[in-house]
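Hints are included, so try docking the two chains, each in its own frame, into the full complex.
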Amino acid sequence: MSRALIETLMSAPYVARFGVRLDQRGNELTGVLPFEDHLVGNPLIPALHGGAVGAFLEIVASASLLASQPLDRLPKPIDVAIDYLRPARAQDVYARAVVARSGRRVANVRVEAWQNRIDAPVATLHGHFLITPARSDSEADSA
Amino acid sequence: MTDDIQSRLDSIAPLIVTGSPHAVALGLSLVSLTPGKAVMRARYDESLIGDPDAGTLHGGVITALLDHACGMAAFAGFGARDTPSTLDLRIDYLRSAKPGLDVTAEARSLKSHGLVAFVRATAHDGDPEDPVAIAQAAFMITKASKAAQERARRDYTEGRMS
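Chains A and B supply the protein sequences, listed in that same order. Sequential numbering of the first sequence, starting at 557, is according to the working numbering. Sequential numbering of the second sequence, starting at 3, is according to the working numbering.
This is chain B alone, in the form it adopts within the complex (with noise of 0.2 Å):
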């Protein structure tokens, strides 16, 4: 079963980032995503800085980071079938990114079960235990979510066989 998600999530993975526009426009990249937990990374780049006189990362970068670290543990929690949606996304910004390092978030699905995951992450820019940011998301399989997934497994299924 867990060998089952496992192949799933390693078929979808490729489109971690490259099926989300807005992930493609920050640079984001999956580092790994198991059941139930995916780990994602910002790179450190100009173009993404909010404060020019401290040259740190904006906010912004990391909350996208997380929210998608995040979504992307619920849909691993969910048996990699359904996106979910955020339903909220609380975080605690412990201190900023330094200049120059790369941001990773751990994402970890704690449960989900029927149509909600809850989920915590940390996002560090090297060490670990010594975090930039904390996270903590509830996730939802939505009716515009299963709606959506169903049209491209459809389109999919159609395009493999024509």
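Chain A on its own, in the form it takes in the complex (with noise of 0.2 Å):
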């Protein structure tokens, strides 16, 4: 965990505009993206924009990094894969963030979205970030 860069993270400009939230009970975290009209991409549909589904994907994924270890700064993203399965609409968006693998440089995420059912996603991130394990003292000795 840690909790000082998930506070940055969140605080950055644009998160902060965002109004994206993270709701966490015990080591499992939701991130809600409430929704407001600037988020539409398409108001004829209408429906939300790709961007603003993939940006809070991304959003999602780097707090779960910093939720789930200790590091030393903010996860930087090295590339993501969206995947929008269906339109997403002119309401909340919830998203959760599965850790497949987090090594000493790289972590790989999956982040799955959805609205109204859980089992009916409207977008899925995965993707690679370089992270900085915060290093413990025996580590840091080897290193």
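Think of the hints as simulated: they come from the structure by calculation, not from any bench. Do not take every clue at face value.
In silico lysine to any residue, SDA-like type, Cα no more than 25 Å apart, as pairs [what the hints assert, rightly or not]:
(1) A:Lys632 / B:Glu108
(2) A:Lys632 / B:Lys39
(3) B:Lys148 / A:Ala646
(4) A:Lys632 / B:Arg45
(5) B:Lys100 / A:Arg661
(6) A:Lys632 / B:Leu103
(7) B:Lys145 / A:Lys632
(8) B:Lys145 / A:Thr680
(9) A:Lys632 / B:Tyr46
(10) B:Lys148 / A:Pro599
(11) B:Lys39 / B:Gly57
(12) B:Lys148 / A:Asp639
(13) B:Lys100 / A:Pro599
Next comes the structure, spelled out in structure tokens:
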């Protein structure tokens, strides 16, 4: 857990402006993107902007990495692959991440976003992030 | 035919950003739109910073910029009729955009036929040879987007006649 860095991440101007919230219960973390008009990409459908959904998934991925272990710095995305499964409607979006693997440099994360039903995801993200795990004393000696 | 598409693109161009609340919120702008190619820009703005210590733009801004530019390239590739939806978007973040610099995305539709378009894009902060991110995406004309387009066209025509 890197509580101070989660604060840094969530209070960054872009993230704060987005209104993203984190709902943490024990070791389970759910990201919440409250609906706002400015998240709409295509008002004709209306559907949320694919970029807004993608950005939200990236934020939840970073937050989940920070929640799962002590890190020295904010995770940096290396690459992400986002699949859009259904149009994201003009309402709140939720997302949860699974850290598939977290090594000494790179973490592999999968995130799923949903709206009405958790079993009907609107988008998924699969990405690699550069991480800097906080070094314990024994590791610092051997490194 | 190409001129036809270009004139349609020119008439639609002002709506590319203003028609999308999220693009407006991020301050995106359209640089050029030609058949199968879209160039868009995100201005550096302190409200879009993702890492307060480094002062760099949040990756999400680049994601939205690339998604929008790719979508417009697909739209232009489809002949500027239906707005396509993103099927998937894959982005490699080669490096952080330098603080203070605008980011430009150049997207090209490699192939669009039937209902699917394949798009590639590059985002750079001044030098196209030194990109900050590259992207590959697929777009599709969905039933929802087609229906919405029809409604908009009808409203527009009726609005013009009344």
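Checking each numbered hint in turn, tell me which of them this model violates, lowest number first.
2, 7, 11 and 13
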